[in-house]
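Given chain H, put chains D, A and V in place with the hints provided.
Protein chains: 4
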Amino acid sequence: MMMSAAPALFDPLMVDPKVSAIMSDHGLVTRMLGFEAALARAEAKAGVIPADAAKAIVMAAAKDIDMTILATASALAGNPAIPLVRMLTAQTAEAGQRHVHWGATSQDVMDTALVLQIRDCLEVFSGNLERLQAALATMTQQYRATPMIGRTLLQHALPTTFGMKTAGWLAGINRAIERLAEMVPRVLVLQFGGAAGTLASLGARGPAVSRELAQMLGLGKPVLPWHTQRDRVVETACFCGILTGTLGKIARDISLMSQTDVGEVMEGAAPGRGGSSTMPHKRNPVSCNIILATATAVPGLVATMLASQVQEHERGLGAWAAEWRTLPELFRLTSGALLHCCTLIEGLEINRARMRLNLDATSGLVMAEAVMMALAPFTGRLAAHHLVENASKIAISENIDLREAIARDMIIAQHLNTDALDALFEPTSYLGSVDTFIDAALKDAK
Amino acid sequence: MMMSAAPALFDPLMVDPKVSAIMSDHGLVTRMLGFEAALARAEAKAGVIPADAAKAIVMAAAKDIDMTILATASALAGNPAIPLVRMLTAQTAEAGQRHVHWGATSQDVMDTALVLQIRDCLEVFSGNLERLQAALATMTQQYRATPMIGRTLLQHALPTTFGMKTAGWLAGINRAIERLAEMVPRVLVLQFGGAAGTLASLGARGPAVSRELAQMLGLGKPVLPWHTQRDRVVETACFCGILTGTLGKIARDISLMSQTDVGEVMEGAAPGRGGSSTMPHKRNPVSCNIILATATAVPGLVATMLASQVQEHERGLGAWAAEWRTLPELFRLTSGALLHCCTLIEGLEINRARMRLNLDATSGLVMAEAVMMALAPFTGRLAAHHLVENASKIAISENIDLREAIARDMIIAQHLNTDALDALFEPTSYLGSVDTFIDAALKDAK
Amino acid sequence: MMMSAAPALFDPLMVDPKVSAIMSDHGLVTRMLGFEAALARAEAKAGVIPADAAKAIVMAAAKDIDMTILATASALAGNPAIPLVRMLTAQTAEAGQRHVHWGATSQDVMDTALVLQIRDCLEVFSGNLERLQAALATMTQQYRATPMIGRTLLQHALPTTFGMKTAGWLAGINRAIERLAEMVPRVLVLQFGGAAGTLASLGARGPAVSRELAQMLGLGKPVLPWHTQRDRVVETACFCGILTGTLGKIARDISLMSQTDVGEVMEGAAPGRGGSSTMPHKRNPVSCNIILATATAVPGLVATMLASQVQEHERGLGAWAAEWRTLPELFRLTSGALLHCCTLIEGLEINRARMRLNLDATSGLVMAEAVMMALAPFTGRLAAHHLVENASKIAISENIDLREAIARDMIIAQHLNTDALDALFEPTSYLGSVDTFIDAALKDAK
Amino acid sequence: MMMSAAPALFDPLMVDPKVSAIMSDHGLVTRMLGFEAALARAEAKAGVIPADAAKAIVMAAAKDIDMTILATASALAGNPAIPLVRMLTAQTAEAGQRHVHWGATSQDVMDTALVLQIRDCLEVFSGNLERLQAALATMTQQYRATPMIGRTLLQHALPTTFGMKTAGWLAGINRAIERLAEMVPRVLVLQFGGAAGTLASLGARGPAVSRELAQMLGLGKPVLPWHTQRDRVVETACFCGILTGTLGKIARDISLMSQTDVGEVMEGAAPGRGGSSTMPHKRNPVSCNIILATATAVPGLVATMLASQVQEHERGLGAWAAEWRTLPELFRLTSGALLHCCTLIEGLEINRARMRLNLDATSGLVMAEAVMMALAPFTGRLAAHHLVENASKIAISENIDLREAIARDMIIAQHLNTDALDALFEPTSYLGSVDTFIDAALKDAK
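Protein chains in written order, with my numbering: chain H, 29 to 474; chain D, 29 to 474; chain A, 29 to 474; chain V, 29 to 474.
Mixed in with the good hints there might be a few duds.
Note: identical chains are not told apart, hence a pair may lie in one copy or across any two.
Claimed, not checked - In silico BS3-like pairs for lysine-lysine, Cα to Cα no more than 25 Å straight-line: (1) LYS73 <-> LYS91; (2) LYS73 <-> LYS83; (3) LYS249 <-> LYS474; (4) LYS91 <-> LYS46; (5) LYS73 <-> LYS249; (6) LYS474 <-> LYS421; (7) LYS91 <-> LYS421; (8) LYS471 <-> LYS249.
Since the hints were derived computationally from the structure, they do not count as laboratory data.
Looking at chain H on its own, in the form it has when it is part of the complex:
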């Protein structure tokens, strides 16, 4: 098979090389030929075509296909299946020529090849999800008690731990793994229906051939052909979309923590990685960049897949073809984000000291809730809110620690003495259910 030698310019940066290969033109055509070979064998077994015809077809399907000729011929035919069948027939020994593609339609071979591509991609995803799960579980365990500031709406809020943050990421990955498992049996199914989805040309032997063919390809056998019922492939698109969002959230968090102004984490170094052409001192967050790019680009692609479900009658006009470039790109991008996320988490450099420094940057203001909650049983939540709000304002305007402003307040002093305040202003004393949450997330990761 004559193939392009050079990778697409942005592929090594943005796509998992395994998925790049699976979702390439070559990856598609190979699987289309695989379908034709399996079809021949299944039909021979079911007595639909002669055994030596099948043998000839199987042999021909193993030979190279000139991709340039195929691509050019597709332009006229309207899809690559028609010329591929013609080219395959031409290179099949005479015994098989009559029986190439027997009873199948263009969409049978293209859809089944797509499902085989999806299967192989999902296998790559599965491996990387487990890799990411393991890395996140390790990180969560390691930093479960490392205090850092929790941030809401990009403002310092209350203390949390870095392990609590990564436990949230981990829980998202756990659910992705769960979703993948549920989806696989539903979506990895054969497409085989013939020209109008009735397998008319196989007479009574349609079910037998289908069963055999599905088994040979390692796919499930669907209830009926699904040429214009696209919910299965769209479901895989949605899976990619949800997963990419989960990864995007991780990358957003890390990119914000990586800001020069925050400095709590940094992407792992590698020679030649993330350098800036003009600013020699910088280490750019390359992985976050790609993950976030993917999270930006994927929703639109999923929308296309959703929109392309409205397909006419027994073979759609337009909407099916809308999938051809969209779904592969969706898998390519998702794969790159997932692989980058593995690298990102495994190589992440964590700066505990800076986390602690940032926690203290607001002079105790982030402990305001702790004080308020301690005060509330005495004064009620609203009054406590007002008291602490006032103290906070004083702390800000006079540029003093909240601890000091609180101590000055006569009403508060009635309820909380110095020892109580000392304890209240220790961040690690105000972590609530963090341990329980982390344990639960880790348990699901096993």
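Same frame as chain H, but now just chains D, A and V:
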């Protein structure tokens, strides 16, 4: 609760009234108050707040809230939770005032209320999906042997049956029901984490309160708070997106079959329904119109939900608020499409005679494949293809039946005699595995 | 006209009240009635209907319409125009009853009313764009020389000024104003074609009535009816989409500068604004939150509008109805983002001292390029890059100023003496073309 | 430059070959090298770098670049500009090595190369738009009086002419040409700002170099660098989105008219074009298929571009990279739809007889409005509506012509005699303003 009396102009037409109520402002605020009441009760039970405080809060939460005041105050506060808690506190007896919203954050109440809305919507969906499933199963059984032309790329292709077409629709609905069942336990969970997701203000009693609260609300207890892990709500959005596409496919098929030029089916009549203001003779396909409108609008909304997953740290800036109007609209539109589809299928008028007429409209050309497949064992598939293609061209150019053109061909005549051709040109004799497919789809619908 | 009294819960927070009114149900129906009145007057003037018929219709169109009845009836009819015409006829004096809606079709009145809504929204946009332009111009002038760190990929890069940053924002707004001006004459046109777009029922008087009607409504007269040529309305959607992105970029920048960890700017204070229910010390960036929410939600809505262009024949099935809820929401959201952006810029509190502090936070590393560029004429760009990269690594690993690490390097010392280095490390000395750029942006804003 | 020999599998079918070349990896890298060469020449002219340095760089930029090495190195660097500059430097003679990429940043070269790609694509678009405009104008003129049925909601409505339908298509293309002209000067501008957009490294000579560089490349000079102000590129995306919708509407109409059940038009034949692998008699609407596929896929891509506007500070993290694969794909797909539309219109086979046949298919029901309008001056519009509605029902239930049912009605008979009815039932007599509309659309096309 002062509420808008007038329905939104397009709601009765485009939204299931039950979902319209659930996903209304009133539906949200009622569930927010329900959360606050349940929280008070759970905290009383766990010994966090006094029992009479809880009682006072529960009583206050049952009172009306002025929606205009709430909406106006939300504008300043940035979300409706802050002023709602303030208003609820103001109408709570003194014993409870100190303990309203204890330990919770704005997003806890808003997210949990959203999950309760989703739960109630999914219940409506579930009912309508089963209703639609039943209607489609009945239709499939009834028309399983009603021959009609199968169409690919909007061209007449091969015979199929109307029941085979509806079996395809049915199979999609079967899978939607299956997906719904898988999704429910994962997504219908409590949100409760406090200001930074640690439940810090509850000290050691966070897990106990969570457990109690989840149980009272009839929700699952998540591994950890998910303020910025939005995959669950996004999963429900994807469910809506996939379902709407499945419905859109049905409506597209029906709208095409309803064309004046095709006339195979017609939407059910109702007084005042689908009339045209200027064309008194027309019956407009109102339900198809709305289902297709929804299928056009929903992908963009799902894309928004997917994009909004990238949320910062412990509470997102922007992306969370992007959900507020998007997800309810998504459920509203999906509900309307689903309800219209029930009406559409249940009321559909089917014109068997016209189906048969259309089947014969191409003078036998649609039987070309049958002839080709019958011929292929003798001549090989490619040669058969060429022979039949030629006969077809003759049939078209001379405006005769394909049956006649075929009979004239000397090569074909060697292999297929008159009796064979008679049998080949009977559409119902060329339906392949239709019965097997229909049985399988019906089996899944039970 | 009986109307809902209570505002939609999120409207005061997320929508410009003027646009909220224009794009409400009431706003639509009022303009539909306005169309019917103007149509009657235009037809009377053209001699198509009697003058007293027109008078009666104009009077009736000024009366209230029961929105609940209208909404309910729309559900049966499939759109609100059909029952509105019926209700209007019922409340028209006998002289006019025969001539209500004469020669028009549902989509004529709905589309023209939509164009009138768009016109009024664009007027609001225009005012707010000029307001924002003025505020940004003032801010740019005021802070044109205020040095701050330029950031690329969220890393400190090189010095810039705050006025240079705002000049970039301003230039975007300048282009939005330019685009609006270009778009207006193309999109603000009448829709009037009758049932099949031919104005058949007006005989030869179609053009005369059209001309008159357009003039009365203050709209342009299109080349021909555009019932299924939606590029005009879609163009307004794209305008909203581009504008919202421009605003989103501003909000993203400000929200990042507002981070507790950065502290360079802060949203203006207002009583009750941006408070946190649990963290009394926080001031939440409410406006940024809403602008970013809108920037997240709008692309999906624009995608829907783009997708809805594919409309069938003389009146689309599905795609037109897909616009009904989408375009108004798009204008609503865009209006809110624009209004919030005005408030945001006008009230923004700028912390020059913190900007300077952050500029110095990397111990001179951000001046690395200045040194490299000064060195390059002597050593070549690549060698200079390597030398400065090494010095930067030393500065980081030994935790010293880059100035000091540079001074130690023997090769650099050959080319740059102490005075040269002093000048090189002054940030304001390395601002290149900032003044030229700012002047150009300000000039366009006049 | 080592390049992939084989075209991407779906490119010949779905992409204009000219745009395929422009928007290829090779097309990008060539233009990046063109930028570097022009930069060197501009800087030499402005006295920033020596003349022989510029000469050396220009010579080096004309040499081949190994795309595989470049792609692999991009993966580490995070974008292709960094390694390209390194590779270019390596192949530059010593005199120039120090001055390659002088003062520029990665995004300067990538964005300017993108703008050059866009310019060349828009030129291709412009040519094809004019070609399409001419074909549509000819078709409109030719069929201006060819009666056919107008269809609303896929139902037969009223007579129109085929030329009126194509005039609507033409008017959309006219507006696309107008939009293109407005957009070009705004979007075809240089990107040149250096690392933080200040051109700091060029000192006072930034403006002079910019001016020179823009002129050499044939681009406009923007007010200021626009690294994170993406509205210009997004505007081109929106242009593509609107145009694709306009083309999609044409293809939808044609595909519906091409239905076997309608048969009014047929895509032009070509050897090997649109054949079906299993149905020898079919001619598939290949061009409509691709145009509709594109119209389905493009909105999601535009949404991505809109979403990617929210870019941080002086260089975005994620959102810029989201453009890299999205915008080229958008142009590729749009180009294919446009080229297919040219072929489609130029080759379209029109079946006047079938149009007339279909017009008569409803036994005169489509003339109901004509009768109603003729009746209304006597009875009022509503009464006329009811009378004709009744007659229509009788016509349908008794399966007679409306003409006959109308003639039976005593009330109608009072107002309309036999001659009047004869005239009313002639379709071409009820075409209203069709001629005026067509003339206006043709005038704009000149």
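Hint check results:
no., hint, verdict
1, LYS73 <-> LYS91, "within (23 Å within a copy, 58 Å between copies)"
2, LYS73 <-> LYS83, "within (11 Å within a copy, 71 Å between copies)"
3, LYS249 <-> LYS474, "between (32 Å within a copy, 19 Å between copies)"
4, LYS91 <-> LYS46, "within (22 Å within a copy, 32 Å between copies)"
5, LYS73 <-> LYS249, "within (17 Å within a copy, 53 Å between copies)"
6, LYS474 <-> LYS421, "neither (47 Å within a copy, 41 Å between copies)"
7, LYS91 <-> LYS421, "neither (78 Å within a copy, 35 Å between copies)"
8, LYS471 <-> LYS249, "between (35 Å within a copy, 15 Å between copies)"
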